[in-house]
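Numbering (the numbering used here), first residue to last: 49 to 409.
Treat the hints with care, as some may be off.
Said to hold, decoys possible - Okay, the calculated beta carbon distance ranges per label pair:
| no. | residue 1 | residue 2 | range |
| --- | --- | --- | --- |
| 1 | G152 | D67 | 45 to 53 Å |
| 2 | P393 | P289 | 41 to 49 Å |
| 3 | S125 | Q292 | 34 to 42 Å |
| 4 | N297 | A85 | 46 to 54 Å |
| 5 | G162 | T388 | 23 to 31 Å |
| 6 | K75 | G354 | 26 to 34 Å |
| 7 | N317 | D283 | 17 to 25 Å |
| 8 | T62 | N267 | 39 to 47 Å |
| 9 | H398 | P289 | 29 to 37 Å |
| 10 | N118 | G152 | 44 to 52 Å |
| 11 | H295 | K147 | 33 to 41 Å |
Just so you know, these hints were derived from the structure itself, not from any lab.
Here a beta-carbon is modelled for each residue, glycine too, at the ideal position from N, C-alpha and C.
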Amino acid sequence: MMMLGAEGAGAAVTVTKADFGKLTDGKAAEVYTLKDADLEVKLTNYGARIVSIMAKDRDGKAADVVLGYNSVDGYTSEHNKTYFGAVVGRYGNRIAGGKFTLDGKTYSIPQNDGNNALHGGPHGFDEQAWTSKQIPNGVEFTLLSKDGDMGFPGNLTAHVRYTLVGAALHINYSATTDKPTVLNLTNHSYFNLGGRDSGSILNEVVTINADKYTPVNKNLIPVGGPQPVAGTPFDFTKPTPIGQRIHDNNDQLKIAGGYDHNWVLNGPNGTMKVAAKVYDPKSGRVLTVSTTQPGVQFYTGNFLNGTRKSPTGTPYAKNTGLCLETQHYPDSPNQPSFPTSELKPGQTMHSETVFAFSTQK
49 MMMLGAEGAG AAVTVTKADF GKLTDGKAAE VYTLKDADLE VKLTNYGARI
99 VSIMAKDRDG KAADVVLGYN SVDGYTSEHN KTYFGAVVGR YGNRIAGGKF
149 TLDGKTYSIP QNDGNNALHG GPHGFDEQAW TSKQIPNGVE FTLLSKDGDM
199 GFPGNLTAHV RYTLVGAALH INYSATTDKP TVLNLTNHSY FNLGGRDSGS
249 ILNEVVTINA DKYTPVNKNL IPVGGPQPVA GTPFDFTKPT PIGQRIHDNN
299 DQLKIAGGYD HNWVLNGPNG TMKVAAKVYD PKSGRVLTVS TTQPGVQFYT
349 GNFLNGTRKS PTGTPYAKNT GLCLETQHYP DSPNQPSFPT SELKPGQTMH
399 SETVFAFSTQ K
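Can you make the complete structure from the sequences, with help from the hints?
Printed below as a string of structure tokens:
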């Protein structure tokens, strides 16, 4: 293990680097540990992903609150991918038919989710070994996605910077391209505030700062534009246990097998606002997610089936983790009324998301 340390006099964050196993091409994977008095976060260059977050409960006891594995083998051996902790791209979420048109030219992305392209196609950013370097209080991962990668146009350079500030993990995304392209980068961590071995997340209490969401068709593609959450099981404007309405007789819940939808966040795109809060009554842990993005995908781990297990052998079963993927809306390249996800040469895409941890009695 190599100690890198944080820069700056009296810095409270330490950064260490260690081996994380071998990738399928024989290259070494790395794991970085960011640690301060409040949190310990592990990150790997494989998929620029979050491996673990050790967060304290109301009694000061720390537990890992994200689903993951102890070596890179757990991530590379997944056939039906969960995307645990990964940065997904080039386009996170779904593109209908795997096709979109830019400047009169149609581009095709390999379909890997029925008729859709999901999270950038079958070999997206989650499967790439990003280059890494230490930065003050954190790590920066960089990836060059070449013109034509998974069918997307343009040589795209993406940077993801993770920094630890007290009890909050900041994720800063930036990217440039040499041809017009579409881009939607997000982190796909599965949270369980009781701890990754604690079972169901259905008793956790969620608040989402959104008056509207985007209903979907049977292929989980938004249809009909944003609709009010009021009077539906999608109203999380007030704190609500996840399990309170997840089994309601509702067509949208039946299509997704639970929650797997995009909420339209209140507040202007590009400005930092609270997207969601999660509270675990048993442990007292609270996660507050803030972002500059226009939407958040709330997903309740509906496709987890127990075939994958935690490092201690606990099955990762249905509803044992939840995702809050800050994002542009699904299928935005094909829906002109949605905020644009296009990135042009000469522009730099910037976005930020913060995962902040606290406790409640």
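Results of checking the hints against the structure:
Judged by the Cβ atoms, the range 45 to 53 Å given for G152 and D67 holds: they are separated by roughly 48 Å. Separation of P393 from P289 is about 47 Å and conforms to the stated range, judged on CB atoms against 41 to 49 Å. For the pair S125 and Q292, the supplied restraint of 34 to 42 Å holds, since their beta-carbon distance comes to about 36 Å. Between N297 and A85, the C-beta spacing of about 48 Å keeps the proposed range 46 to 54 Å intact.
Between G162 and T388 the beta carbons are some 25 Å apart, a value that agrees with the proposed interval 23 to 31 Å. For the hinted restraint 26 to 34 Å between K75 and G354, the CB-CB distance of approximately 31 Å keeps it satisfied. For the hinted restraint 17 to 25 Å between N317 and D283, the CB-CB distance of approximately 22 Å keeps it satisfied. A C-beta distance of roughly 46 Å is found between T62 and N267, which places it inside the suggested range of 39 to 47 Å.
Our hint of 29 to 37 Å for H398 and P289 holds, since their Cβ atoms are close to 35 Å apart. Taken as a hint, the range 44 to 52 Å holds for the pair N118 and G152, whose Cβ atoms sit roughly 49 Å apart. For the hinted restraint 33 to 41 Å between H295 and K147, the CB-CB distance of approximately 35 Å keeps it satisfied.
When each numbered hint is compared with the structure, no violation occurs for any of them.
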